[in-house]
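K.L.:
Every letter in the sequence shown is one number past the one before it in our numbering, and letter 109, counting from 1, is 109.
These aren't lab readings, by the way, just hints derived from the structure by calculation.
It cannot be assumed that every hint is accurate.
Here are the computed lysine-lysine pairs in the BS3-like style, where the Cα-Cα straight-line distance is at most 25 Å [what the hints assert, rightly or not]:
| no. | residue 1 | residue 2 |
| --- | --- | --- |
| 1 | Lys251 | Lys318 |
| 2 | Lys112 | Lys144 |
| 3 | Lys112 | Lys323 |
| 4 | Lys64 | Lys85 |
| 5 | Lys250 | Lys85 |
| 6 | Lys112 | Lys97 |
| 7 | Lys96 | Lys64 |
| 8 | Lys105 | Lys85 |
| 9 | Lys34 | Lys96 |
| 10 | Lys97 | Lys85 |
| 11 | Lys34 | Lys85 |
| 12 | Lys74 | Lys318 |
| 13 | Lys74 | Lys34 |
| 14 | Lys112 | Lys250 |
| 15 | Lys112 | Lys96 |
| 16 | Lys98 | Lys144 |
| 17 | Lys85 | Lys74 |
| 18 | Lys97 | Lys64 |
| 19 | Lys34 | Lys97 |
| 20 | Lys250 | Lys74 |
| 21 | Lys144 | Lys318 |
| 22 | Lys74 | Lys98 |
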Amino acid sequence: MKDEVPNLKDFDQRLRDEANEDLADIVSEEPTSKTQIIAIYGKGGIGKSFTLANLSHMMAEQGKRVLLIGCDPKSDTTSLLFGGKACPTIIETSTKKKLAGEEVKIGDVCFKRGGVFAMELGGPEVGRGCGGRGIIHGFELLEKLGFHDWDFDYVLLDFLGDVVCGGFGLPIARDMAQKVILVASNDLQSLYVANNVCSAVEYFRKLGGNVGVAGLVINKDDGSGEAQAFADAVDIPVLASIPQNDDLRKKSANYQIVGTAESEWGTLFAALGDNVAVAPPVRPAPLDQDALLGLFDASETGGDVVLEPATDMDMRGKNAEPKASLEVIYDDA
(Lines of atoms letter the chains of each structure in order from A; the text may use other names.)
(Lines give C-alpha, C1' and ligand atoms only; values in the text may rest on other atoms or scores of the structure.)
Protein backbone atom coordinates (compact mmCIF):
# COMPACT_ATOMS: atom_id res chain seq x y z
CA MET A 1 0.00 0.00 0.00
CA LYS A 2 1.44 3.29 -1.08
CA ASP A 3 1.94 6.05 1.47
CA GLU A 4 -0.50 8.89 1.03
CA VAL A 5 1.03 11.87 -0.68
CA PRO A 6 0.40 15.08 1.30
CA ASN A 7 -1.56 17.79 -0.42
CA LEU A 8 1.21 20.35 -0.82
CA LYS A 9 -1.11 22.87 -2.45
CA ASP A 10 -3.29 22.99 0.69
CA PHE A 11 -0.18 23.24 2.88
CA ASP A 12 1.17 26.06 0.74
CA GLN A 13 -2.13 27.92 0.99
CA ARG A 14 -2.20 27.55 4.79
CA LEU A 15 1.27 29.09 5.00
CA ARG A 16 0.19 31.97 2.79
CA ASP A 17 -2.92 32.58 4.89
CA GLU A 18 -0.85 32.54 8.07
CA ALA A 19 1.67 34.98 6.59
CA ASN A 20 -1.13 37.39 5.70
CA GLU A 21 -2.79 37.16 9.11
CA ASP A 22 -2.56 40.30 11.24
CA LEU A 23 -0.84 39.20 14.42
CA ALA A 24 -2.49 42.05 16.29
CA ASP A 25 -5.87 40.36 15.91
CA ILE A 26 -4.83 37.00 17.31
CA VAL A 27 -6.45 36.48 20.70
CA SER A 28 -3.85 35.29 23.18
CA GLU A 29 -4.53 32.93 26.05
CA GLU A 30 -5.50 34.29 29.43
CA PRO A 31 -2.43 35.11 31.54
CA THR A 32 -1.62 32.53 34.19
CA SER A 33 -0.41 35.18 36.65
CA LYS A 34 -2.97 37.11 38.65
CA THR A 35 -0.74 40.18 38.77
CA GLN A 36 -1.78 43.05 36.54
CA ILE A 37 1.23 45.03 35.38
CA ILE A 38 0.11 48.42 34.12
CA ALA A 39 2.33 51.06 32.51
CA ILE A 40 1.16 54.66 32.80
CA TYR A 41 2.45 57.09 30.17
CA GLY A 42 2.07 60.83 29.72
CA LYS A 43 3.86 64.05 28.90
CA GLY A 44 6.27 65.33 31.53
CA GLY A 45 4.43 67.54 34.03
CA ILE A 46 0.95 66.42 32.97
CA GLY A 47 0.21 64.76 36.32
CA LYS A 48 1.19 61.09 36.01
CA SER A 49 2.85 61.03 39.40
CA PHE A 50 -0.07 62.82 41.05
CA THR A 51 -2.50 60.38 39.45
CA LEU A 52 -0.47 57.28 40.26
CA ALA A 53 0.43 58.15 43.84
CA ASN A 54 -3.22 58.74 44.68
CA LEU A 55 -4.48 55.80 42.62
CA SER A 56 -2.05 53.37 44.27
CA HIS A 57 -2.95 54.67 47.76
CA MET A 58 -6.67 54.23 47.07
CA MET A 59 -6.21 50.73 45.62
CA ALA A 60 -4.30 49.73 48.76
CA GLU A 61 -7.17 51.09 50.86
CA GLN A 62 -9.48 48.88 48.79
CA GLY A 63 -7.51 45.87 49.98
CA LYS A 64 -5.26 45.37 46.96
CA ARG A 65 -1.56 44.57 47.17
CA VAL A 66 0.07 47.31 45.10
CA LEU A 67 3.66 47.92 43.99
CA LEU A 68 4.38 51.36 42.54
CA ILE A 69 7.57 51.72 40.49
CA GLY A 70 8.70 55.15 39.37
CA CYS A 71 10.45 54.93 35.99
CA ASP A 72 10.92 58.66 35.44
CA PRO A 73 14.43 60.12 35.96
CA LYS A 74 12.85 62.99 37.94
CA SER A 75 11.90 60.44 40.64
CA ASP A 76 8.80 62.41 41.56
CA THR A 77 6.36 59.49 41.85
CA THR A 78 7.47 58.28 45.25
CA SER A 79 8.20 61.81 46.43
CA LEU A 80 4.49 62.56 46.31
CA LEU A 81 3.61 59.28 48.00
CA PHE A 82 6.19 59.80 50.75
CA GLY A 83 5.27 63.40 51.58
CA GLY A 84 8.10 64.98 49.60
CA LYS A 85 10.83 62.67 50.84
CA ALA A 86 13.05 61.24 48.11
CA CYS A 87 13.76 57.55 48.54
CA PRO A 88 17.08 56.07 47.35
CA THR A 89 16.80 55.04 43.71
CA ILE A 90 17.67 51.60 42.43
CA ILE A 91 20.36 52.90 40.07
CA GLU A 92 21.94 55.14 42.72
CA THR A 93 21.88 52.38 45.34
CA SER A 94 23.21 49.78 42.92
CA THR A 95 26.18 51.99 42.06
CA LYS A 96 27.05 52.62 45.73
CA LYS A 97 26.68 48.98 46.70
CA LYS A 98 28.79 47.83 43.78
CA LEU A 99 31.61 50.18 44.76
CA ALA A 100 31.41 48.84 48.31
CA GLY A 101 31.39 45.23 47.12
CA GLU A 102 27.90 44.63 48.55
CA GLU A 103 24.65 43.22 47.17
CA VAL A 104 21.47 45.28 46.88
CA LYS A 105 18.67 44.08 49.15
CA ILE A 106 14.93 44.77 48.99
CA GLY A 107 15.03 47.01 52.06
CA ASP A 108 17.61 49.22 50.37
CA VAL A 109 15.27 50.27 47.57
CA CYS A 110 11.65 49.41 48.47
CA PHE A 111 9.62 51.36 51.04
CA LYS A 112 6.01 51.37 52.29
CA ARG A 113 3.28 53.87 53.06
CA GLY A 114 -0.44 53.37 53.46
CA GLY A 115 -0.17 49.79 52.31
CA VAL A 116 1.61 50.75 49.07
CA PHE A 117 5.04 49.29 48.30
CA ALA A 118 7.07 51.73 46.23
CA MET A 119 10.46 52.20 44.65
CA GLU A 120 12.20 54.44 42.10
CA LEU A 121 14.42 53.27 39.27
CA GLY A 122 16.07 56.66 38.98
CA GLY A 123 18.39 57.76 36.21
CA PRO A 124 21.87 59.05 35.43
CA GLU A 125 23.10 62.51 36.33
CA VAL A 126 22.40 65.16 33.72
CA GLY A 127 24.63 64.75 30.69
CA ARG A 128 26.28 61.60 32.07
CA GLY A 129 24.29 58.76 30.63
CA CYS A 130 21.20 57.47 28.84
CA GLY A 131 17.94 57.51 30.80
CA GLY A 132 16.51 54.70 28.69
CA ARG A 133 19.52 52.51 29.38
CA GLY A 134 19.07 53.29 33.06
CA ILE A 135 15.52 51.94 32.86
CA ILE A 136 16.75 48.71 31.30
CA HIS A 137 19.47 48.33 33.94
CA GLY A 138 16.91 48.97 36.68
CA PHE A 139 14.61 46.21 35.48
CA GLU A 140 17.53 43.82 35.14
CA LEU A 141 18.29 44.42 38.81
CA LEU A 142 14.61 43.96 39.75
CA GLU A 143 14.70 40.55 38.09
CA LYS A 144 17.72 39.62 40.19
CA LEU A 145 15.79 40.70 43.28
CA GLY A 146 12.99 38.27 42.39
CA PHE A 147 10.53 40.53 40.56
CA HIS A 148 8.75 37.61 38.87
CA ASP A 149 8.14 35.85 42.20
CA TRP A 150 6.63 38.82 44.04
CA ASP A 151 3.00 38.54 45.10
CA PHE A 152 1.07 41.66 44.09
CA ASP A 153 -2.36 42.29 42.64
CA TYR A 154 -1.11 45.33 40.73
CA VAL A 155 2.28 46.63 39.64
CA LEU A 156 2.00 50.23 38.42
CA LEU A 157 4.84 51.64 36.30
CA ASP A 158 5.20 55.41 35.92
CA PHE A 159 6.81 56.15 32.54
CA LEU A 160 7.72 59.41 30.88
CA GLY A 161 5.86 59.43 27.58
CA ASP A 162 7.64 62.17 25.63
CA VAL A 163 10.93 60.28 25.46
CA VAL A 164 10.80 57.88 22.54
CA CYS A 165 13.94 55.79 23.05
CA GLY A 166 13.72 52.03 23.54
CA GLY A 167 14.28 52.04 27.29
CA PHE A 168 11.14 54.01 27.97
CA GLY A 169 9.18 51.81 25.57
CA LEU A 170 10.31 48.66 27.41
CA PRO A 171 6.90 47.57 28.82
CA ILE A 172 5.32 47.81 25.36
CA ALA A 173 8.18 46.39 23.30
CA ARG A 174 8.85 43.42 25.59
CA ASP A 175 5.28 42.67 26.67
CA MET A 176 6.24 43.43 30.28
CA ALA A 177 2.84 45.00 30.94
CA GLN A 178 -0.62 43.76 30.05
CA LYS A 179 -1.97 47.22 29.45
CA VAL A 180 -1.16 50.90 29.17
CA ILE A 181 -2.99 53.85 30.71
CA LEU A 182 -2.51 57.33 29.25
CA VAL A 183 -2.63 60.57 31.23
CA ALA A 184 -3.31 63.75 29.27
CA SER A 185 -5.10 67.07 29.41
CA ASN A 186 -7.02 69.26 26.97
CA ASP A 187 -3.86 70.54 25.30
CA LEU A 188 -2.20 69.61 22.04
CA GLN A 189 1.22 68.64 23.42
CA SER A 190 -0.05 66.12 25.99
CA LEU A 191 -2.39 64.58 23.42
CA TYR A 192 0.47 64.44 20.92
CA VAL A 193 2.40 62.33 23.46
CA ALA A 194 -0.64 60.14 24.15
CA ASN A 195 -1.07 59.59 20.41
CA ASN A 196 2.62 58.64 20.09
CA VAL A 197 2.18 55.99 22.77
CA CYS A 198 -0.86 54.66 20.90
CA SER A 199 1.31 54.46 17.78
CA ALA A 200 3.93 52.47 19.69
CA VAL A 201 1.28 50.06 20.99
CA GLU A 202 -0.11 49.59 17.49
CA TYR A 203 3.36 49.04 16.03
CA PHE A 204 4.27 46.27 18.47
CA ARG A 205 0.82 44.69 18.18
CA LYS A 206 1.51 44.27 14.46
CA LEU A 207 4.75 42.50 15.40
CA GLY A 208 2.85 40.06 17.58
CA GLY A 209 2.80 41.93 20.90
CA ASN A 210 -0.10 41.74 23.32
CA VAL A 211 -0.02 45.09 25.14
CA GLY A 212 -3.13 47.24 24.69
CA VAL A 213 -4.41 50.60 25.91
CA ALA A 214 -6.86 50.37 28.80
CA GLY A 215 -7.90 54.01 28.58
CA LEU A 216 -7.23 57.67 29.20
CA VAL A 217 -7.19 59.68 32.42
CA ILE A 218 -7.96 63.34 31.75
CA ASN A 219 -6.07 65.44 34.29
CA LYS A 220 -6.64 69.17 34.89
CA ASP A 221 -9.88 68.86 32.94
CA ASP A 222 -11.23 72.32 32.12
CA GLY A 223 -14.24 70.94 30.26
CA SER A 224 -13.12 72.09 26.82
CA GLY A 225 -13.45 68.54 25.50
CA GLU A 226 -10.37 67.96 23.34
CA ALA A 227 -9.10 65.01 25.41
CA GLN A 228 -12.53 63.35 25.26
CA ALA A 229 -12.59 63.91 21.49
CA PHE A 230 -9.14 62.31 21.25
CA ALA A 231 -10.27 59.26 23.22
CA ASP A 232 -13.27 58.88 20.94
CA ALA A 233 -11.12 59.26 17.82
CA VAL A 234 -8.54 56.61 18.82
CA ASP A 235 -11.28 54.37 20.23
CA ILE A 236 -10.22 54.12 23.88
CA PRO A 237 -12.36 54.80 26.99
CA VAL A 238 -11.94 57.66 29.45
CA LEU A 239 -11.26 56.08 32.86
CA ALA A 240 -11.56 59.30 34.87
CA SER A 241 -11.68 63.07 34.53
CA ILE A 242 -9.79 64.88 37.28
CA PRO A 243 -10.96 68.51 37.28
CA GLN A 244 -8.79 71.57 37.07
CA ASN A 245 -9.16 72.59 40.70
CA ASP A 246 -7.15 74.90 42.93
CA ASP A 247 -7.56 72.66 45.97
CA LEU A 248 -6.10 69.70 44.07
CA ARG A 249 -3.26 71.86 42.77
CA LYS A 250 -2.31 73.03 46.26
CA LYS A 251 -2.53 69.58 47.80
CA SER A 252 -0.38 68.11 45.04
CA ALA A 253 2.20 70.88 45.43
CA ASN A 254 2.32 70.17 49.17
CA TYR A 255 2.70 66.38 48.67
CA GLN A 256 -0.68 65.61 50.23
CA ILE A 257 -2.45 62.37 49.33
CA VAL A 258 -6.08 62.82 48.23
CA GLY A 259 -6.61 59.23 47.08
CA THR A 260 -8.12 58.17 50.39
CA ALA A 261 -11.62 57.67 51.74
CA GLU A 262 -10.98 60.52 54.19
CA SER A 263 -10.65 63.02 51.33
CA GLU A 264 -13.45 64.72 49.42
CA TRP A 265 -11.72 63.39 46.28
CA GLY A 266 -11.75 59.82 47.54
CA THR A 267 -14.77 58.72 45.51
CA LEU A 268 -13.14 59.96 42.30
CA PHE A 269 -10.01 57.85 42.85
CA ALA A 270 -12.06 54.90 44.09
CA ALA A 271 -13.97 54.93 40.80
CA LEU A 272 -10.70 55.23 38.89
CA GLY A 273 -9.35 52.22 40.78
CA ASP A 274 -12.42 50.20 39.87
CA ASN A 275 -12.15 51.21 36.20
CA VAL A 276 -8.44 50.43 36.02
CA ALA A 277 -9.06 46.96 37.45
CA VAL A 278 -11.60 45.89 34.82
CA ALA A 279 -10.62 47.90 31.73
CA PRO A 280 -9.46 45.50 28.99
CA PRO A 281 -6.37 46.25 26.87
CA VAL A 282 -7.69 47.41 23.51
CA ARG A 283 -5.99 48.11 20.22
CA PRO A 284 -5.99 51.89 19.61
CA ALA A 285 -6.32 53.67 16.28
CA PRO A 286 -3.61 56.39 16.41
CA LEU A 287 -4.15 59.61 14.48
CA ASP A 288 -1.93 61.28 11.93
CA GLN A 289 -0.74 64.84 12.58
CA ASP A 290 -3.53 66.52 10.62
CA ALA A 291 -6.24 64.50 12.39
CA LEU A 292 -4.70 65.36 15.78
CA LEU A 293 -4.66 69.06 14.91
CA GLY A 294 -8.24 68.70 13.73
CA LEU A 295 -9.34 68.12 17.34
CA PHE A 296 -8.56 71.80 18.04
CA ASP A 297 -9.69 75.12 16.64
CA ALA A 298 -7.36 75.86 13.71
CA SER A 299 -7.06 79.50 14.81
CA GLU A 300 -5.50 78.32 18.08
CA THR A 301 -3.12 75.67 16.74
CA GLY A 302 -2.07 76.99 13.34
CA GLY A 303 -3.85 74.07 11.75
CA ASP A 304 -4.81 76.22 8.75
CA VAL A 305 -1.19 76.98 7.81
CA VAL A 306 -0.29 75.97 4.24
CA LEU A 307 3.23 74.66 3.57
CA GLU A 308 5.11 76.83 1.07
CA PRO A 309 8.10 75.08 -0.51
CA ALA A 310 11.45 76.87 -0.34
CA THR A 311 13.52 77.47 -3.47
CA ASP A 312 17.24 77.27 -4.12
CA MET A 313 17.29 81.08 -4.43
CA ASP A 314 15.66 81.35 -0.99
CA MET A 315 18.41 79.24 0.54
CA ARG A 316 21.27 81.20 -1.05
CA GLY A 317 19.95 84.57 0.15
CA LYS A 318 22.49 87.33 -0.56
CA ASN A 319 24.69 84.80 -2.29
CA ALA A 320 22.05 84.14 -4.91
CA GLU A 321 23.61 84.75 -8.31
CA PRO A 322 22.63 83.36 -11.67
CA LYS A 323 24.96 80.50 -12.55
CA ALA A 324 25.95 79.60 -16.05
CA SER A 325 24.20 76.44 -17.12
CA LEU A 326 26.36 73.35 -17.65
CA GLU A 327 23.70 71.83 -19.85
CA VAL A 328 24.96 70.99 -23.34
CA ILE A 329 22.63 72.41 -25.98
CA TYR A 330 22.85 70.88 -29.42
CA ASP A 331 21.95 72.71 -32.61
CA ASP A 332 19.05 71.33 -34.55
CA ALA A 333 20.28 68.80 -37.07
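K.L.:
Now tell me, hint by hint, if it's right for this structure.
P.N.:
Going through the hints against the structure:
no. : hint               : result
1   : Lys251 with Lys318 : 57 Å, violated
2   : Lys112 with Lys144 : 21 Å, holds
3   : Lys112 with Lys323 : 74 Å, violated
4   : Lys64 with Lys85   : 24 Å, holds
5   : Lys250 with Lys85  : 17 Å, holds
6   : Lys112 with Lys97  : 22 Å, holds
7   : Lys96 with Lys64   : 33 Å, violated
8   : Lys105 with Lys85  : 20 Å, holds
9   : Lys34 with Lys96   : 35 Å, violated
10  : Lys97 with Lys85   : 21 Å, holds
11  : Lys34 with Lys85   : 31 Å, violated
12  : Lys74 with Lys318  : 47 Å, violated
13  : Lys74 with Lys34   : 30 Å, violated
14  : Lys112 with Lys250 : 24 Å, holds
15  : Lys112 with Lys96  : 22 Å, holds
16  : Lys98 with Lys144  : 14 Å, holds
17  : Lys85 with Lys74   : 13 Å, holds
18  : Lys97 with Lys64   : 32 Å, violated
19  : Lys34 with Lys97   : 33 Å, violated
20  : Lys250 with Lys74  : 20 Å, holds
21  : Lys144 with Lys318 : 63 Å, violated
22  : Lys74 with Lys98   : 23 Å, holds
Consistency note: the structure conflicts with the earlier hints numbered 1, 3, 7, 9, 11, 12, 13, 18, 19 and 21.
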